[in-house]
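Peer 1: Spelled out, the chains give:
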Amino acid sequence: MPRLKKSLPHVALLGYLVVVLFPFLFVLFSSVKKDNNAIALNPFGIPKTFEFSNYVEAWVNAKISTYFFNSLYISILSSVVSILLASMFAFAVTRMRQGQWNKILFSLVLIGMLIPNNALMLPIYTIVRKLHILNTHWALIIPYIANAIPFTIIILAAFMRSLPSEIEEAAVMDGLKAPGIFARIIVPLTVPAMVTVFIVNFLGNWNEFLLANYFLSNDELRTLPVGMVQFRDQYQMNYAQMSAGIVYSVVPVIVIYAILQEKIIEGVTAGSVKG
Amino acid sequence: MNKALRNPLVFILFVIPALVLFIMFFIYPIFSSIYYSFTSWNGVSDTVKYAGLDNFKKALGDERFWVSVKNNGWFILFSVCIQVPLIVFFSLLIANVKKLKGLYKTAVFMPSIMSTAVIGILWGFIYEPNIGLFNKVLGLVGIEPVYWLSDERFAMLSILITNAWQWTGFYIVMVLAAILSIPAELDEAAAIDGATGFQRATRITLPLIVPIISVVIMLSIAGAMKAADIVIVMTKGGPAGSTEVMATYMIKYAITNFKYGYGNTIAVLIFMFTLVVTALYQLLFARRNERIEY
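Chains A and B supply the protein sequences, listed in that same order.
Counting in my numbering, the first sequence runs from 1 upward without gaps.
Counting in my numbering, the second sequence runs from 1 upward without gaps.
Any given hint could turn out to be false.
[Claimed, not checked] Derived PhoX-like pairs: lysine-lysine, alpha-carbon spacing no greater than 25 Å straight-line:
#1 A:K63 - B:K236
#2 A:K103 - B:K3
#3 A:K130 - B:K252
#4 B:K49 - A:K130
#5 A:K34 - B:K136
#6 B:K252 - B:K58
#7 A:K48 - B:K136
#8 B:K105 - A:K6
[Said to hold, decoys possible] Which residues of chain B face chain A? A partial, calculated answer using Cβ under 7 Å:
#9 R6
#10 F11
#11 L21
#12 G52
#13 L53
#14 I131
#15 S214
#16 D229
#17 I270
#18 F271
#19 F273
[To be verified] Here are the computed distance ranges between Cβ atoms for each label pair:
#20 A:I46 - B:Y35: 55 to 61 Å
#21 A:S53 - B:V48: 54 to 60 Å
#22 A:S53 - B:Y35: 51 to 57 Å
#23 B:K3 - A:E220: 51 to 57 Å
Calculated directly from the structure, the hints in this document are not laboratory data.
Since we're looking at a predicted model, the values are computed, not measured.
Where a beta carbon is used, it is the ideal one built from N, C-alpha and C, also for glycine.
Let the sequences and hints guide you as you build the complete structure.
Peer 2: Right, here's the structure in full:
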């Protein structure tokens, strides 16, 4: 009886796991099946033959490689720049002494967290068009940088606040000025928080769909999520190939997640858990 | 002594770049949206015509706009009434098992790191009428194929299920973090007093995690108000506009139909609705959200 009671939660949780994981398995299996017919006849099971040609077709036809590298460099560049700008801002408002300004500026940025940002899409579209960068990668990079700034500042500022002030006093004694204190003392100490924020921002940019869909019209420039949707619309009838496409776009994220899951979870929950 | 840190010039130089971007992409757009919501502009021509409250009147009388409002409402209802209880239930379960805790926590979170676009495609395949997983399962118990995404009766529900699949784990991890930060002594003391596992969960853990549940509800409301990409990928708002949400309706008007002024009116209404819903929630439910000390 106690054994049964102990295993009951596991039954429920394993059921939930199946719900989470089975869709992936379904797509993975479908991706190596011959055609729609093979999928229809055996939707649940392990494929009888393995058609890896679906992967070749998807990679070549759908230009997944192009989309993949577009996404990669846009996401990395945007995340790095927003961390750089946000850390300067966070350093200024948490460690420099400008009286009320520190508080005012920080609170202003906090407001950014409350704004449902895709309602701002239309004015951003206009800004991007006026800057004449519509339909270039800058149309995504600059809004992505801006978009990540409030969250990044909040996390980095919280971290920087927790550093003891003695280190700065020592640094000043050694003759460092504010930029030196920032670059040589605060930034190196803040690296752990930066890594976490980087991953969260990177994933956000990597997955972003709306701006990427509406701000770029040139196929060569598209990012992975948009490219995948286009691919689906073109090859809707070939579910085996479509599944291979899905696998391509899911695997990198799962690999990143497998390696960094602690950091990712930490970063995503950092802003919200004040239980 | 601290002159180095009082240097206003450095302060300004450090603050400016982030501040400029912030103002350009957060503050200015709000005012710009409000301004254009009172115009009938197509987004390109040189002349911007002032239209007063016309757009707002039009929106309030626009039946299809109200369908989109109602659909945002479904998002909120579904997440608050169905997802939140599941989130709490599974968080409590994971917190109390000894084995496999890490596996559950990791696996459950996985869907939330994936692109909504790709998840929309993946689930579109699962809902596929002839070879998709859902109908195959239903076929096993002898139910006729259902056209999940192209039948007006089921399209919205299908999207809600996908959305829940994607985000439930995200919130579970959040609630779980709050549960695990409760000092173990509380639970142990209750156990010594003879409380059963169920009693400890409902009488001790649950009241202590009310604040985080409140955060989860707020976040799901915010998420429900901005849902758009999943709809665009799965149904494009169809069939017959039955899955349109406010954000997709806004995009459709402003970018596809060149009614930039009206699009901004909808954007402003999204703000106002979000504000009203969160304020209502705060007033009605979150009042006793005092800080909890252990």
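Peer 1: Work down the list of hints and note, for each, if the structure agrees.
Peer 2: Status of each hint after checking the structure:
| no. | hint | verdict |
| --- | --- | --- |
| 1 | A:K63 - B:K236 | holds, 24 Å |
| 2 | A:K103 - B:K3 | holds, 19 Å |
| 3 | A:K130 - B:K252 | holds, 21 Å |
| 4 | B:K49 - A:K130 | holds, 19 Å |
| 5 | A:K34 - B:K136 | holds, 18 Å |
| 6 | B:K252 - B:K58 | holds, 16 Å |
| 7 | A:K48 - B:K136 | holds, 19 Å |
| 8 | B:K105 - A:K6 | holds, 18 Å |
| 9 | R6 | holds, 5 Å |
| 10 | F11 | holds, 5 Å |
| 11 | L21 | holds, 4 Å |
| 12 | G52 | violated, 20 Å |
| 13 | L53 | violated, 19 Å |
| 14 | I131 | holds, 4 Å |
| 15 | S214 | violated, 10 Å |
| 16 | D229 | holds, 4 Å |
| 17 | I270 | holds, 4 Å |
| 18 | F271 | holds, 6 Å |
| 19 | F273 | violated, 10 Å |
| 20 | A:I46 - B:Y35: 55 to 61 Å | holds, 59 Å |
| 21 | A:S53 - B:V48: 54 to 60 Å | holds, 55 Å |
| 22 | A:S53 - B:Y35: 51 to 57 Å | holds, 55 Å |
| 23 | B:K3 - A:E220: 51 to 57 Å | holds, 53 Å |
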